Amino acid sequence: MTTRKHDRLRVLSSEPAEPEFSPGVDEPPSELDRREMMKLLAAGAGLAGVGSLAGCMEEPRERIMPRVTNPPELTPGVPLSYATSMVIDGFATGLLVQTYEARPTKVEGNPDHPASLGHTMTYHQASVLDLYDPHRARGPLEAGTPTMLDRLLRNIARREPMTGLWFLMHPQSSPLLADLIAAVRQRHPGTRFAFHSPLDRRQVYEGARLAFGRPLEAQYRFTQADVVVSLDADFMGAMPNSVRWAYDFAQRRRLHGPGGQMSRLYLAEPRPSPTGSLADHRLPARPSEIALLAQALLSAVQGATAPSGNLTPRQQRWVQAAASDLGSRRGRSLVIAGDRQPAAVHAAVHAINQAIGAIGSTVAFTEPAILEPLGDGLPELASAMQSGQVQTLVIVETNPVYTAPPELDFPALLAKVPETLYAGDMLDETARQCQWFVPLSHYMESWGDARAYDGSISLIQPLIRRMYDSVSVWELVAAFAGDEQPDGHRLVRQRYADEAADAGLLTWQKHLQLGVIPNTALPPQQVSAGAGAAPPQLSGAGSSFEVSFEESPSVYDGRFAANSWLQELPKPHTKITWGNAAVVSPATARELGVGNEDVVRLVRGAFHVDLPVYVLPGHADRCVTVELGYGRSAGGPVAEGVGVNVYRIRPPSPASHASPVQVIATGGTQRLAYTQKVFDQHGRDIARYAEAAFYQAQPQFTEAQRGPLPSWLPEFFENNYQWGMTIDTMICTGCSSCVVACQAENNIPVVGKKGVIDDREMHWLRIDTYREISGDDVEFIHQPMLCQHCEKAPCEYVCPVYATQHSPDGLNEMVYNRCIGTRFCSNNCPYKVRRFNWFDYTEDTPKTKQLQFNPNVTVRARGVMEKCTFCVQRIRAAEIVARRERREIQPGEVATACQQACPTGAIQFGLLHHNGTNVVEWRKEPRAYAVLHDLGTRPRVMYLAKITNPNPELDD
Amino acid sequence: MIHPLYPHWSNTVYRAVIVAVLLGLASLVLLPWLYVRTTYNTNQFVPWDQPVEFDHRHHVRDDGIECLYCHSAAERSPSAGVPTTEVCMGCHSQIWSDSPLLEVVRRSYFSGKPINWRRVHDLPDFTYFNHSVHVARGIDCVNCHGDVGSMARVVQVQPLTMGWCVDCHRAGTQHIPPPNVPRDSWEASLQMLGDEPARNRDVTLLTTCTACHR
Numbered sequence: 001m002t003t004r005k006h007d008r009l010r011v012l013s014s015e016p017a018e019p020e021f022s023p024g025v026d027e028p029p030s031e032l033d034r035r036e037m038m039k040l041l042a043a044g045a046g047l048a049g050v051g052s053l054a055g056c057m058e059e060p061r062e063r064i065m066p067r068v069t070n071p072p073e074l075t076p077g078v079p080l081s082y083a084t085s086m087v088i089d090g091f092a093t094g095l096l097v098q099t100y101e102a103r104p105t106k107v108e109g110n111p112d113h114p115a116s117l118g119h120t121m122t123y124h125q126a127s128v129l130d131l132y133d134p135h136r137a138r139g140p141l142e143a144g145t146p147t148m149l150d151r152l153l154r155n156i157a158r159r160e161p162m163t164g165l166w167f168l169m170h171p172q173s174s175p176l177l178a179d180l181i182a183a184v185r186q187r188h189p190g191t192r193f194a195f196h197s198p199l200d201r202r203q204v205y206e207g208a209r210l211a212f213g214r215p216l217e218a219q220y221r222f223t224q225a226d227v228v229v230s231l232d233a234d235f236m237g238a239m240p241n242s243v244r245w246a247y248d249f250a251q252r253r254r255l256h257g258p259g260g261q262m263s264r265l266y267l268a269e270p271r272p273s274p275t276g277s278l279a280d281h282r283l284p285a286r287p288s289e290i291a292l293l294a295q296a297l298l299s300a301v302q303g304a305t306a307p308s309g310n311l312t313p314r315q316q317r318w319v320q321a322a323a324s325d326l327g328s329r330r331g332r333s334l335v336i337a338g339d340r341q342p343a344a345v346h347a348a349v350h351a352i353n354q355a356i357g358a359i360g361s362t363v364a365f366t367e368p369a370i371l372e373p374l375g376d377g378l379p380e381l382a383s384a385m386q387s388g389q390v391q392t393l394v395i396v397e398t399n400p401v402y403t404a405p406p407e408l409d410f411p412a413l414l415a416k417v418p419e420t421l422y423a424g425d426m427l428d429e430t431a432r433q434c435q436w437f438v439p440l441s442h443y444m445e446s447w448g449d450a451r452a453y454d455g456s457i458s459l460i461q462p463l464i465r466r467m468y469d470s471v472s473v474w475e476l477v478a479a480f481a482g483d484e485q486p487d488g489h490r491l492v493r494q495r496y497a498d499e500a501a502d503a504g505l506l507t508w509q510k511h512l513q514l515g516v517i518p519n520t521a522l523p524p525q526q527v528s529a530g531a532g533a534a535p536p537q538l539s540g541a542g543s544s545f546e547v548s549f550e551e552s553p554s555v556y557d558g559r560f561a562a563n564s565w566l567q568e569l570p571k572p573h574t575k576i577t578w579g580n581a582a583v584v585s586p587a588t589a590r591e592l593g594v595g596n597e598d599v600v601r602l603v604r605g606a607f608h609v610d611l612p613v614y615v616l617p618g619h620a621d622r623c624v625t626v627e628l629g630y631g632r633s634a635g636g637p638v639a640e641g642v643g644v645n646v647y648r649i650r651p652p653s654p655a656s657h658a659s660p661v662q663v664i665a666t667g668g669t670q671r672l673a674y675t676q677k678v679f680d681q682h683g684r685d686i687a688r689y690a691e692a693a694f695y696q697a698q699p700q701f702t703e704a705q706r707g708p709l710p711s712w713l714p715e716f717f718e719n720n721y722q723w724g725m726t727i728d729t730m731i732c733t734g735c736s737s738c739v740v741a742c743q744a745e746n747n748i749p750v751v752g753k754k755g756v757i758d759d760r761e762m763h764w765l766r767i768d769t770y771r772e773i774s775g776d777d778v779e780f781i782h783q784p785m786l787c788q789h790c791e792k793a794p795c796e797y798v799c800p801v802y803a804t805q806h807s808p809d810g811l812n813e814m815v816y817n818r819c820i821g822t823r824f825c826s827n828n829c830p831y832k833v834r835r836f837n838w839f840d841y842t843e844d845t846p847k848t849k850q851l852q853f854n855p856n857v858t859v860r861a862r863g864v865m866e867k868c869t870f871c872v873q874r875i876r877a878a879e880i881v882a883r884r885e886r887r888e889i890q891p892g893e894v895a896t897a898c899q900q901a902c903p904t905g906a907i908q909f910g911l912l913h914h915n916g917t918n919v920v921e922w923r924k925e926p927r928a929y930a931v932l933h934d935l936g937t938r939p940r941v942m943y944l945a946k947i948t949n950p951n952p953e954l955d956d
Numbered sequence: 001m002i003h004p005l006y007p008h009w010s011n012t013v014y015r016a017v018i019v020a021v022l023l024g025l026a027s028l029v030l031l032p033w034l035y036v037r038t039t040y041n042t043n044q045f046v047p048w049d050q051p052v053e054f055d056h057r058h059h060v061r062d063d064g065i066e067c068l069y070c071h072s073a074a075e076r077s078p079s080a081g082v083p084t085t086e087v088c089m090g091c092h093s094q095i096w097s098d099s100p101l102l103e104v105v106r107r108s109y110f111s112g113k114p115i116n117w118r119r120v121h122d123l124p125d126f127t128y129f130n131h132s133v134h135v136a137r138g139i140d141c142v143n144c145h146g147d148v149g150s151m152a153r154v155v156q157v158q159p160l161t162m163g164w165c166v167d168c169h170r171a172g173t174q175h176i177p178p179p180n181v182p183r184d185s186w187e188a189s190l191q192m193l194g195d196e197p198a199r200n201r202d203v204t205l206l207t208t209c210t211a212c213h214r
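Line order of the protein sequences matches chains A and B. Under the working numbering, the residue at position 41 of the first sequence is numbered 41, and the numbers go up by one with no gaps. Under the working numbering, the residue at position 76 of the second sequence is numbered 76, and the numbers go up by one with no gaps.
Calculated directly from the structure, the hints in this document are not laboratory data. Note that the structure is a prediction, hence the values are computed from the model and not measured. Certain hints may be false.
Said to hold, decoys possible - Only pairs whose alpha carbons sit at most 25 Å apart, straight line, appear in this in silico SDA-like list of lysine to any residue:
#1 K677/A x D598/A
#2 K847/A x D122/B
#3 K849/A x P114/B
#4 K849/A x D125/B
#5 K113/B x I64/A
#6 K113/B x Q433/A
#7 K849/A x F126/B
#8 K113/B x Q850/A
#9 K832/A x Q722/A
#10 K106/A x R76/B
#11 K849/A x N817/A
#12 K832/A x Q850/A
#13 K113/B x W96/B
#14 K113/B x T848/A
#15 K113/B x V68/A
#16 K847/A x R118/B
#17 K849/A x D122/B
#18 K510/A x A521/A
#19 K106/A x F126/B
#20 K924/A x A692/A
#21 K113/B x V78/A
#22 K106/A x F129/B
#23 K847/A x S324/A
#24 K792/A x L206/B
#25 K113/B x R61/A
#26 K113/B x E73/A
#27 K847/A x D130/A
#28 K849/A x L123/B
To be verified - Stretch by stretch, here's where chain B covers chain A in the computed footprint (C-beta under 8 Å, at least three residues):
#29 66-78
#30 859-873
#31 883-892
Yeah, the Cβ is synthetic: ideal placement off N, Cα and C, and Gly gets one too.
Same shape as in the complex, but just chain A (with noise of 0.2 Å):
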């Protein structure tokens, strides 16, 4: 016995000296930092003081303020949803808003919108936390001094024609926009709009006008797609069409049962993003690299002769498997591009897509959404600027201060423009620098207009009257084209007054109900690509290195740096919260000499930045990868201050990536606050996967990790009545939508980068990524993981005040107010799913964001353990429906957050009797499992195994 768990010891020690845990986890936890919780916290913190004396009188009573007059969908205590949209960068998506008594406190997806399809993206779930954000902009300035909003809409609409009157904004979608831009132009002749973005798209557009003559918005058709062929692009994960993709492409790969037929995906790209985690050939590659292949692949599919000596021999193995596997299933496959790829990649793949033949059955072409997409931006703008052209310059929305390349040098350029109205949500790095600045309404406080992807027109209606003196984006033109008293619902209605002219009212509010105007999609476009599309030829092979920009995952560009939930929430493959890192191969690390946290100096020019190193196996050799959106210097206490601005050495063009850069090790170290620090499954069956052949010939691979086990504990489940779930990893790309999703739901606080750094995050729902490295190849699982509600939960025979039990519909329920902080459950949980209140984190709220906390949940106070609770209260609101109604709950009654969030429905829940189910008939697949199941705990979470579909001629 004690050789063996010497032997034990000796196993593990000899593995990877990397630490499971941080340094000082296990010394007593020290108070939060006073700074650091009023950055979290901000405003109310003064009147702790007050409370705390009051605590010694009688407790204050409640009072109860109805209303004077009650609108009649209103029921006091009864949530109402209410369609609307949200735009990023001209794209629509259509959610659903979840208020109580007029408070917006949950996004869903809506259902209806083809963009959605009810699922969400996490930008949008966390965008209720900016509405009731403390920092927002309440008033607007001139020069720094508070003004009257309406007198300066009225001088606005006032004045005389202007000349060299510019406008500076995110690309728009919005026809309303369009109708109010060409009154701008008439009144103001001369008037020029620049649409602009840091994460612009304008490549994407000049690659279709290469191909076919003119810009078109490809719609690519994932759900008929054997064989879909990435190049850079994450279309599940960081594309405006995204949360539709993700479903789309899950709907071909899933696979039914081990003789069903599931889709093949290549993927090339610098560093691992969500949609490569499910990729069956992953090829690491460096941005300039992409190219090459664009153009390997081209020549591949034309049937041309060997491609150029320019590749490895991995690259050219891959490019022949691609090359064959798309030729042999003509209009079965699609190519695509990464939107930051340069026009000529864009046209190669337009080409390669003509001659598999999936131009017209697996991608269509229609007009863009966005308006003036090969307009002016950015760089017309600016040179304008240089030669005095602009004499005002109105900037909505984006940030250029911040965003715009070291080489315009944009602060000088602002300072020669003799008028400059800034309108955001905060007093951001450019609003500081602009005379005037009007505050933005969020999109929840605004009527408006957008289109989706593809292009069907999504309608913005508010849910909450102003909570401060704003304008919306259409109400700020509209002054500027002579409305003196712009009001949105008002231009909204008069734009589609005519639509719904023939029907009246009733054909207005329906489509406000459907958030969306149905048949609005636009019509796909007769093409076919010209020929010399061939994209130019780039030497890849370059030694030098290469900073790849990318968006980041958390904050975009860095417009939602202010929102803490993004902030904390862990990234797909880095688990990095917080921050952002120079992310490197494992032989790059090397090759510098660095490991994680060492800190770097990226050179480009006579610019530079220093970052600390993060190390990801499946990242392409001698390119570092950098997130954008951190470093910011002005934008709100948690904005400011996190990560590193790497804008500071963004070139120009192309701004997808820099080089030659030069990385040198300065030998100093830097915190990174990351959830996750072993990849590894040390040998343990804890995420399976599997090749499709393998499944095929060994359907019951997972058989030993499910059905009963001997146990000494009572069998106390007497009905059939037991809630369960069933997660499919095959379909999961680590986008971590659920995890905000949950957040927002559970009113779950966020701790802060010391707070992660201790290991003391809060999330009840994270997702575990284990890499599985073999040779240059790296297989990514990623795992929810939540409370498994064990049917023999060890947390609940450890709790002596039995604040964690068990119901009879099989959930393991946690009693906040039994709980005496003892943590002996969250000892004995072999999932480490439960986590603890070290401070009280709620206590500070400031009133605003008060008002965002689900009511249905229980706002926990520190000292108490807390954990998922497959969302109760959910649960039981449908259960008391149901029992008003006398009937049994239906399936698909009931969804978690998590649940609903998910853009590729890999979460599915619901009650186990309902046969036919997707909860059900899933968990019922051979290759289901739970998650150590030798302990015997039973989990009602089943996992079904990942199973890869790669090509068996390439063995790599």
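The hints should help you fit chain B onto chain A, whose structure is shown.
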């Protein structure tokens, strides 16, 4: 002769001290245990000041207005709700339209500012009680709120402690009144009918934690 070091009565003192210490320790537990059960702690029978001198006796007993006429949300919502000013004015724009007692109501109606009532029945924030499901199962308002119709000012009659809730949830079938039986004959009819009214109404007694704590 050797004198004892302590006088004889010191034995008595010693025993008394032991008893006192034991009693003291016991009272450390017992006194809070008793305190939380007092009506002082549960806020029972306190006639709170309200912004309007609303008299349930007049409205319920004299006028025969049903509880649900004003507290209509009780059938659909977790909270029974306090009527909107509009509901008050529905009658009082016609009758007693110039009564000085209704000045606050009129001012609320014409200014659009809500009346600021004091909550009488207040559960802790970690407890989620749902009116609608109880009303749908035939639990009468009187079961929990007492005979509000005979109160000048509404007071809390029941302790609203967890023990009190669970008493009913363990043996609730005896608390479901038969339909169409006057209140003063409930007890007699329940003795006759047993749990039949509860069975007819398909009552499920929940004692699981998450029934109330979420």
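Verification of the hints:
Distance check on the hinted pair: K677/A and D598/A sit about 16 Å apart at the alpha-carbon level, within 25 Å; holds. Between K847/A and D122/B, the direct Cα distance comes to roughly 22 Å. Compliance with the 25 Å bound is thereby established for this hinted pair. This hinted pair checks out: K849/A and P114/B have alpha carbons roughly 23 Å apart, not beyond 25 Å. Simply put, K849/A and D125/B have alpha-carbon atoms about 18 Å apart, close enough for the 25 Å limit, and the pair holds.
For the suggested pair K113/B and I64/A, the alpha carbons sit about 13 Å apart, so the restraint of at most 25 Å is met. Pair hint K113/B plus Q433/A does not hold up; C-alpha atoms about 42 Å apart against a cutoff of 25 Å. A hinted pair counts as satisfied when its Cα atoms are at most 25 Å apart, and K849/A with F126/B qualifies at roughly 19 Å. Note on K113/B and Q850/A: the hinted pairing holds, with a Cα-Cα distance of about 22 Å set against a maximum of 25 Å.
Taking the CA atoms of K832/A and Q722/A, the gap is near 23 Å; set against the 25 Å cutoff, the hint holds. At roughly 21 Å between alpha-carbon atoms, K106/A and R76/B fall within 25 Å of each other, so this suggested pair holds. Of the pairs offered as hints, the one joining K849/A and N817/A holds, with about 23 Å between alpha carbons and a cut-off of 25 Å not exceeded. Restraint check for K832/A and Q850/A: not satisfied, since their Cα atoms lie roughly 29 Å apart, outside the 25 Å limit.
A hinted pair counts as satisfied when its Cα atoms are at most 25 Å apart, and K113/B with W96/B qualifies at roughly 21 Å. Straight-line distance between C-alpha atoms of K113/B and T848/A comes to about 21 Å, which keeps the hinted pair within the 25 Å bound. The hinted pair formed by K113/B and V68/A meets the criterion: a straight-line CA distance of about 7 Å does not exceed 25 Å. Distance restraint check for K847/A and R118/B: the Cα-Cα separation of roughly 21 Å lies within the 25 Å cut-off, and the hinted pair is therefore satisfied.
Using a Cα cut-off of 25 Å, the hinted pair K849/A and D122/B holds, with the two alpha carbons roughly 24 Å apart. For the given pair, K510/A sits about 17 Å from A521/A by alpha-carbon distance, which is consistent with the 25 Å threshold. Distance restraint check for K106/A and F126/B: the Cα-Cα separation of roughly 20 Å lies within the 25 Å cut-off, and the hinted pair is therefore satisfied. Distance check on the hinted pair: K924/A and A692/A sit about 18 Å apart at the alpha-carbon level, within 25 Å; holds.
Only pairs whose Cα atoms come within 25 Å are accepted, and K113/B paired with V78/A is accepted, the gap being roughly 22 Å. Taking the CA atoms of K106/A and F129/B, the gap is about 22 Å. The hint holds against a cut of 25 Å. The hinted pair formed by K847/A and S324/A fails the criterion: a straight-line CA distance of about 61 Å is larger than 25 Å. Taken as a hint, the K792/A and L206/B pair is honoured in the structure, with Cα atoms around 22 Å apart against an allowance of 25 Å.
A distance of roughly 20 Å separates the Cα atoms of K113/B and R61/A; the hinted pair therefore holds under the 25 Å criterion. With a C-alpha separation of about 20 Å, the suggested pairing of K113/B with E73/A holds against the 25 Å cut-off. About 14 Å separates the Cα atoms of K847/A and D130/A, which keeps this hinted pair within 25 Å; it holds. Pair hint K849/A plus L123/B holds up; C-alpha atoms about 23 Å apart against a cutoff of 25 Å.
Only residues whose beta carbon comes within less than 8 Å of a beta carbon in chain B count, and the region 66-78 of chain A has 9; three or more means the coverage holds. Chain B is given as covering the region 859-873 of chain A, and this holds because 4 residues of the stretch bring a CB closer than 8 Å to a CB of that chain, at least three being needed. Counting residues of the region 883-892 of chain A whose beta-carbon sits less than 8 Å from any beta-carbon of chain B gives 3, enough to reach three: the coverage restraint holds.
The earlier numbered hints that this structure contradicts are 6, 12 and 23.
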